[in-house]
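Participant: The lines below spell out each chain.
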Amino acid sequence: MTAGDRIVFEDVSKFYGEVLGVNRVSLSLPPGVTTLVGPNGSGKTTLMNLMTGLVQPSSGRISVLGLTPGDPNEFFREVGYCTQFDSFPRGLTGWDFVFDSLLLHGMGSANASKLACEALERVGLMEAARRKIAGYSKGMRQKIRLAQSIAHHPQVLVLDEPLNGLDPMARAESLALFEELSRLGMHLIISSHILDEVDRISDRVVLITGGYLVAEGNIHAVRSEVRDKPMQVLIRCDRPELLASRMFTLNHCVEARLHSDGHGVFLRTTDIDEFYRLLNGIATEGLVNIEAVAPADDDTHAIYQYLIGSEGGAS
Amino acid sequence: METLRKQPWSLWWMQARCIARIEVRRNLLTWKAAWIYFLAFVPTAIIAIHALFDRSHHALTDDTNVLAGIVQFYYIRLGIFFGCLGIFSRLIRGEMIERSLHFYLLAPVRREVLLLAKFAAGVFGAVLLFGSAIVVDFAFMYASFGADGQDYMFNGPGLAQLQAYLAVVVLGCVGYGAVFLLLSMMFRNPMPAAMLVLGWEAINPVMPSLLQKISVASYLKHLMPITVPGEGLFALLTVQTDPVRGWVAATGLLLLAAVVLAYSCIRIRTIEIRYTTE
Numbered sequence: 000m001t002a003g004d005r006i007v008f009e010d011v012s013k014f015y016g017e018v019l020g021v022n023r024v025s026l027s028l029p030p031g032v033t034t035l036v037g038p039n040g041s042g043k044t045t046l047m048n049l050m051t052g053l054v055q056p057s058s059g060r061i062s063v064l065g066l067t068p069g070d071p072n073e074f075f076r077e078v079g080y081c082t083q084f085d086s087f088p089r090g091l092t093g094w095d096f097v098f099d100s101l102l103l104h105g106m107g108s109a110n111a112s113k114l115a116c117e118a119l120e121r122v123g124l125m126e127a128a129r130r131k132i133a134g135y136s137k138g139m140r141q142k143i144r145l146a147q148s149i150a151h152h153p154q155v156l157v158l159d160e161p162l163n164g165l166d167p168m169a170r171a172e173s174l175a176l177f178e179e180l181s182r183l184g185m186h187l188i189i190s191s192h193i194l195d196e197v198d199r200i201s202d203r204v205v206l207i208t209g210g211y212l213v214a215e216g217n218i219h220a221v222r223s224e225v226r227d228k229p230m231q232v233l234i235r236c237d238r239p240e241l242l243a244s245r246m247f248t249l250n251h252c253v254e255a256r257l258h259s260d261g262h263g264v265f266l267r268t269t270d271i272d273e274f275y276r277l278l279n280g281i282a283t284e285g286l287v288n289i290e291a292v293a294p295a296d297d298d299t300h301a302i303y304q305y306l307i308g309s310e311g312g313a314s
Numbered sequence: 000m001e002t003l004r005k006q007p008w009s010l011w012w013m014q015a016r017c018i019a020r021i022e023v024r025r026n027l028l029t030w031k032a033a034w035i036y037f038l039a040f041v042p043t044a045i046i047a048i049h050a051l052f053d054r055s056h057h058a059l060t061d062d063t064n065v066l067a068g069i070v071q072f073y074y075i076r077l078g079i080f081f082g083c084l085g086i087f088s089r090l091i092r093g094e095m096i097e098r099s100l101h102f103y104l105l106a107p108v109r110r111e112v113l114l115l116a117k118f119a120a121g122v123f124g125a126v127l128l129f130g131s132a133i134v135v136d137f138a139f140m141y142a143s144f145g146a147d148g149q150d151y152m153f154n155g156p157g158l159a160q161l162q163a164y165l166a167v168v169v170l171g172c173v174g175y176g177a178v179f180l181l182l183s184m185m186f187r188n189p190m191p192a193a194m195l196v197l198g199w200e201a202i203n204p205v206m207p208s209l210l211q212k213i214s215v216a217s218y219l220k221h222l223m224p225i226t227v228p229g230e231g232l233f234a235l236l237t238v239q240t241d242p243v244r245g246w247v248a249a250t251g252l253l254l255l256a257a258v259v260l261a262y263s264c265i266r267i268r269t270i271e272i273r274y275t276t277e
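Quick mapping for you: the protein sequence lines, in order, are chains A and B. Numbering-wise (numbering that gives the first Met the number 0), the first sequence opens with residue 0 and increments by one. Numbering-wise (numbering that gives the first Met the number 0), the second sequence opens with residue 0 and increments by one.
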């Protein structure tokens, strides 16, 4: 994969006067869904604004698919940014907002009209399109921003808290849309505090706090690198109490908790490889019928809690 | 030259027209612009009231001087000055305050094209308002003289004066527009800087001739078809400069505006979206 397919940050720092935005961030993001995770003020929005040229780096270089915001004609054909700024130009209808932005791409009215319809239908806002945005609910304003950012079929979609203000149904629809766009080979960079939902579609995670990059990569790989935190595993079986007592005698097993339905047990271990080896042994003894084994804390939320959680609330 | 020819001029032109159309719709056809309509049409309302209700006899030449005074003392020094301050400050700074500038900065449009298109929209709006106000002023002023007024307009110097005043309005809007657009990018609140400009315009006549060239009003003075001498407080609003030919003054003002706009284009390249500090 070449730099022309990636979003690349090379030793990027941003200072707002004396205030640190982000410090010496280096990233190389392939296509797929990347979730930015960190507390409020950790630098997630700064990273997104840097990526799209809304702020300039104090040092370092950024390129998106080999392009830079210095050439907006090319750059913004490939990039769409759904910001979290909940404000709009005065007096516009939803239709004007999407249609006008497409005209700025140099499209003719017919083509812009077709793409505007397509985007508005995709976010389910076609019926309200002719109403003034000022009269929209928060969720509708979120959707119209999303429609505007995807209308021109960008290759890179940057989404700052895209699920804010959406009801559960709209969230599910948005996530399905993000998944679909990801399957088409797009880059999706998402910051969201609704980690459980975003986690389902994320290919990788970027953890950032206080302007510093804490961890980056595939969620499972990042979790396995956090070796100082015991890993939690859920084992579905017919005799969880027996399994718990057997496993708990091992000195690397630090916690056991029965599942609320009585058909499983959560076990925490400091040595996952040894844990699985012994579990295999118990299974072959035939004392316990093991139905399923799955890691219970290698999701974004758990990683966030382990790496950042003590420093502030999720954002 | 080859590099210039390779630029996507037709795309830029299309984008500029699109931005200008959006800006005119947003900024001119809104209640927030009501005070600028008021600024433009206050003299029109006064002239109309005089024309309709004042039955005392006036000499046509007296009223011609009154009209020249209105353009010279009101429109140039106050109406267009503050009208342009309102219109052009809104174009960039206003959008930063309303947190909507990022939509333009995220569009596939060069920032220089954005700035110049917004400027063109501002000039169009300001000229439309103040130009039409002066046309209506003329109509009310000379219609009350009946056939004499008609004769003055169409067979006398009336039409040439109207054209000269309209040229002054256009150049005034271009000059003040460029200055206020730049000031609004340099300062969060451009009002104190605008007051300094107003003060500079007032004291400019006593400055050395080189410094007089950095003044919009001093250029406009040379384009006025009739000069009304200022007395009392009006003397503060009167610019007395070395005589200059009309085309030299117009070219000088356009060059001044071009320099200011070129610097604005450089500044907009580095503008950042930091709404929390606005």
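Don't take each hint at face value.
[What the hints assert, rightly or not] Reference excerpt, derived from the structure (chain A facing chain B, CB under 7 Å, subset only):
#1 H104
#2 S108
#3 F247
[As the list claims (entries may be wrong)] Here are some of the chain A residues that sit facing chain B, going by a computed Cβ distance under 7 Å:
#4 V54
#5 N72
#6 D99
#7 L103
#8 G105
#9 K131
Hints were generated in silico from the structure; no laboratory data involved. Here a beta-carbon is modelled for each residue, glycine too, at the ideal position from N, C-alpha and C.
Participant: Does each hint fit the structure? Answer for all of them.
Facilitator: Hints versus structure:
Annotation: H104/A was flagged as interfacial toward chain B, and the flag holds, the nearest CB pair being 6 Å apart, inside 7 Å. Taking 7 Å as the C-beta contact cut-off toward chain B, the hint placing S108/A at the interface is violated, the least distance being around 10 Å. At its closest, the beta carbon of F247/A sits 51 Å from a beta carbon of chain B; the interface hint therefore is violated under the 7 Å criterion. At about 4 Å, the closest approach between the beta carbon of V54/A and any beta carbon in chain B falls short of 7 Å, and the interface hint on this residue holds.
For N72/A, the suggested interface contact is upheld, since its CB lies about 5 Å from the closest CB of chain B, less than 7 Å. Contact between D99/A and chain B, as hinted, is supported at the beta carbon level, the nearest pair being about 6 Å apart and thus within 7 Å. Taken as an interface hint, L103/A checks out: its beta carbon lies about 4 Å from the nearest beta carbon of chain B, inside 7 Å. Hint status for G105/A relative to chain B: holds, with the closest Cβ pair at about 5 Å, below 7 Å.
Residue-level restraint check for K131/A is violated (minimum Cβ-Cβ distance to chain B is 12 Å; threshold 7 Å).
Going down the numbered hints, you'll see the structure goes against 2, 3 and 9, while the others check out.
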